[in-house]
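Novice: Listed below, chain by chain, are the residues.
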Amino acid sequence: MVDAGARWAAEEVPGGRVREGVRAYFLIAGMWIRSTMAYRTSFVLMTVTNFATTALDFVAILLMFSRVDALGGYSLQQVAFLYGVSSTTFGLADMVIGSMERLGRRVRDGTLDTLLVRPAPVLAQMAADQFALRRLGRTGQGALVLTWALLRLDIDWTPLRVLLMPVMLVSGCAIFCAVFIAGAAFQFVAQDAAEVQNAFTYGGTTLLQYPPTVFATELLRGVTYVLPLAFVNWLPATYVLGLPYPLGLPEWAAFLSPLVAAGCVGLAGLAWRAGLRSYRSTGS
Amino acid sequence: MDDDFIELDRVEKVFDVRRKTGFLRRERRSVRAVDSLSFTVARGEMVGYIGPNGAGKSTTIKMLTGILTPSGGRLRVAGIDPSRERTRLARRIGVVFGQRTTLWWDLPLIDSYRLAHRMYRIPEVRYRENLDRCVELLELGELLEVPVRQLSLGQRMRGDIAAALLHDPEVLYLDEPTIGLDVISKSKVRGFLRELNAERGTTVLLTTHDLQDIEQLCSRVMVIDHGRLMYDGALAGLHEVGESERTLVVDLERELPPIEAAPARVVRVEGPRQWLAFPAAQSAAELVARIAARYPLLDLSVREPDIEAVIARMYAGGTAQDEAEKAVS
Chain A
59 MVDAGARWAA EEVPGGRVRE GVRAYFLIAG MWIRSTMAYR TSFVLMTVTN
109 FATTALDFVA ILLMFSRVDA LGGYSLQQVA FLYGVSSTTF GLADMVIGSM
159 ERLGRRVRDG TLDTLLVRPA PVLAQMAADQ FALRRLGRTG QGALVLTWAL
209 LRLDIDWTPL RVLLMPVMLV SGCAIFCAVF IAGAAFQFVA QDAAEVQNAF
259 TYGGTTLLQY PPTVFATELL RGVTYVLPLA FVNWLPATYV LGLPYPLGLP
309 EWAAFLSPLV AAGCVGLAGL AWRAGLRSYR STGS
Chain B
4 MDDDFIELDR VEKVFDVRRK TGFLRRERRS VRAVDSLSFT VARGEMVGYI
54 GPNGAGKSTT IKMLTGILTP SGGRLRVAGI DPSRERTRLA RRIGVVFGQR
104 TTLWWDLPLI DSYRLAHRMY RIPEVRYREN LDRCVELLEL GELLEVPVRQ
154 LSLGQRMRGD IAAALLHDPE VLYLDEPTIG LDVISKSKVR GFLRELNAER
204 GTTVLLTTHD LQDIEQLCSR VMVIDHGRLM YDGALAGLHE VGESERTLVV
254 DLERELPPIE AAPARVVRVE GPRQWLAFPA AQSAAELVAR IAARYPLLDL
304 SVREPDIEAV IARMYAGGTA QDEAEKAVS
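The listed protein sequences correspond, in order, to chains A and B.
Using the working numbering, you'd call the opening residue of the first sequence number 59 and step up by one each time.
Using the working numbering, you'd call the opening residue of the second sequence number 4 and step up by one each time.
If you're looking for bench data, these hints aren't it; they were derived computationally from the structure.
Predicted model, so just to flag it, every value in this text is computed and none were measured.
You may find that some hints are simply not true.
[Claimed, not checked] Which stretches of chain B does chain A cover? Using the computed rule of at least three CB atoms under 8 angstroms from a CB of chain A, they are:
no.: 1; stretch: 68-76
no.: 2; stretch: 84-96
no.: 3; stretch: 108-121
no.: 4; stretch: 191-199
Quick reminder that beta carbons are idealized off the backbone N, C-alpha and C, glycines included.
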């Protein structure tokens with residue numbers, strides 16, 4: 059017999075929502091990893107496939123370079139550098155919260171409601187949903203290409219350039235995460251918008267695998283000032299490589315990536331809250 | 004506070020529905036899914052919440068669990084405003100959606116419970132006690148190591164109910180807990196809920212289409228239609244208010260013209276078998292005696308009114324009354 063007084067009452071937990079969210083994320087992601095391990099062979103095959111299919115992107119670049127010596131003024135190693143940063147950061151973001159693109163489906167089939175009755179932030183639960191370790195394939199592949207590029211490139215390493223490397227990787231990952239969250243928030247309004255989101259996420263990473271110099275100025279402006287994907291790798295990478303950025307931005311702009319990333323994550327968070335609020339008032 | 008453990012005061016939920024009427028033209032219309040709904044449920048009560056599809060049942064449950072925000076009115080569960088403090092409320096309620104399992108499909112049943120243990124931060128002792136109890140009463144012992152995808156529907160439902168109870172919720176919401184279950188599973192689930200309510204004093208609110216769930220579990224039933232409370236009281240009273248009818252199925256020796264036995268009336272004839280509807284309040288014995296005296300009977304049976312029919316008639320009665328009122332004024 060449990061009466062109100064004898065309740066062990068786990069009320070609000072010290073550390074607040076963020077900590078609780080992170081904790082819930084790891085709990086749920088752990089469950090998904092165990093679920094995939096129920097089919098171990100399938101997991102290995104999927105990881106290898108993931109590695110191989112994403113590697114085809116790079117094969118395409120290699121094929122191109124068998125015909126030309128430079129692409130938009132960039133050598134193979136320099137393109138590989140861009141490719142490596144883009145793939146690694148996107149791969150990480152995709153693994154950490156990529157499953158958020160399933161939100162529309164959950165809204166449609168009503169299973170989002172089962173997340174709303176649990177004592178954890180919905181964003182964390184949704185981000186960990188269907189957590190797939192096999193997505194390490196893409197990150198691993200990107201990291202390999204990046205390592206190869208770094209070994210082959212003759213970069214004039216200054217302390218600032220060295221510092222910019224980890225900053226670029228972390229910020230890039232955060233910017234992609236923001237795109238995933240904003241995309242999911244949009245699916246509260248338009249439940250079949252997963253394809254639109256893919257255009258920005260998968261489309262974005264493919265775009266960034268190529269040198270900025272091969273694209274039209276309008277597009278460059280768009281991904282620099284509007285949807286600031288250029289801060290994932292183009293701007294910091296041109297600084298590291300000692301190349302000019304086509305839009306003629308000052309050199310310090312390369313160091314804006316963390317600020318831009320923070321801004322993007324903040325805006326995406328607001329969009330998510332607005333989306334969830336609208337779901338809870340309309341139920342659809 | 005124990006008398007109004009769950010409290011709704013003129014709660015409303017209005018949805019904006021947009022309908023395509025042309026290529027780019029849309030028509031906006033508000034639908035009142037829940038219309039000025041007021042009721043209270045005392046701690047430890049077991050209440051059936053019924054109504055036809057689209058009556059506002061799920062919307063009410065969703066507001067009570069904090070999934071949906073009400074458009075108006077006041078709503079409290081255990082003193083908490085569900086829409087404002089969703090996660091705080093989540094620790095104190097249990098929810099079972101009959102058609103949506105929250106168990107982990109590919110993992111052994113026990114893994115889902117271990118997750119609940121950690122997610123709700125249930126103290127070790129409480130977790131052990133609650134789990135042992137659920138395992139015993141819901142007969143889950145041999146299922147704990149079985150992946151959920153291999154469980155039958157009835158086993159999975161029992162598993163889901165256990166999962167909703169490990170954190171000692173003060174109130175349990177069940178949405179169609181017996182839907183699709185066989186007779187044995189139904190009776191196990193009902194037996195467990197009765198015991199839970201009696202021993203732990205857990206408040207239970209359940210929606211169902213199965214009259215037997217209500218008959219066997221709930222001392223109180225609420226009927227909702229078009230977002231409004233049509234009835235609130237004992238199940239027996241529902242039959243009276245709904246002017247429900249029972250059915251007498253009569254097998255005659257041969258085909259005969261429809262039996263005359265007012266106030267009962269023949270609603271269907273199929274060869275020598277006839278169906279007679281008569282008011283639920285009337286004695287079946289007296290009717291049977293009258294028919295037996297005048298017709299050659301082979302066999303007969305009495306069917307209780309089904310809840311859908313009762314509700315349907317109740318709603319039809321409601322509109323008739325509305326129109327009568329309109330005509331007067």
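Novice: None of the hints should be skipped; say for each whether it holds.
Specialist: Structure-based check of all given hints:
1. Check on the stretch 68-76 of chain B: 6 of its residues sit with their Cβ under 8 angstroms from a Cβ of chain A, so the three-residue criterion for coverage holds.
2. Counting residues of the stretch 84-96 of chain B whose C-beta sits closer than 8 angstroms to any C-beta of chain A gives 7, which meets the bar of three, so the coverage hint holds.
3. For the stretch 108-121 of chain B, the stated coverage by chain A is satisfied: 6 residues place a CB nearer than 8 angstroms to a CB of that chain, which reaches the threshold of 3.
4. For the stretch 191-199 of chain B, the proposed coverage by chain A is not satisfied: 0 residues have a C-beta within less than 8 angstroms of a C-beta in that chain, short of the threshold of three.
Of the numbered hints listed earlier, the single one contradicted by the structure is hint 4.
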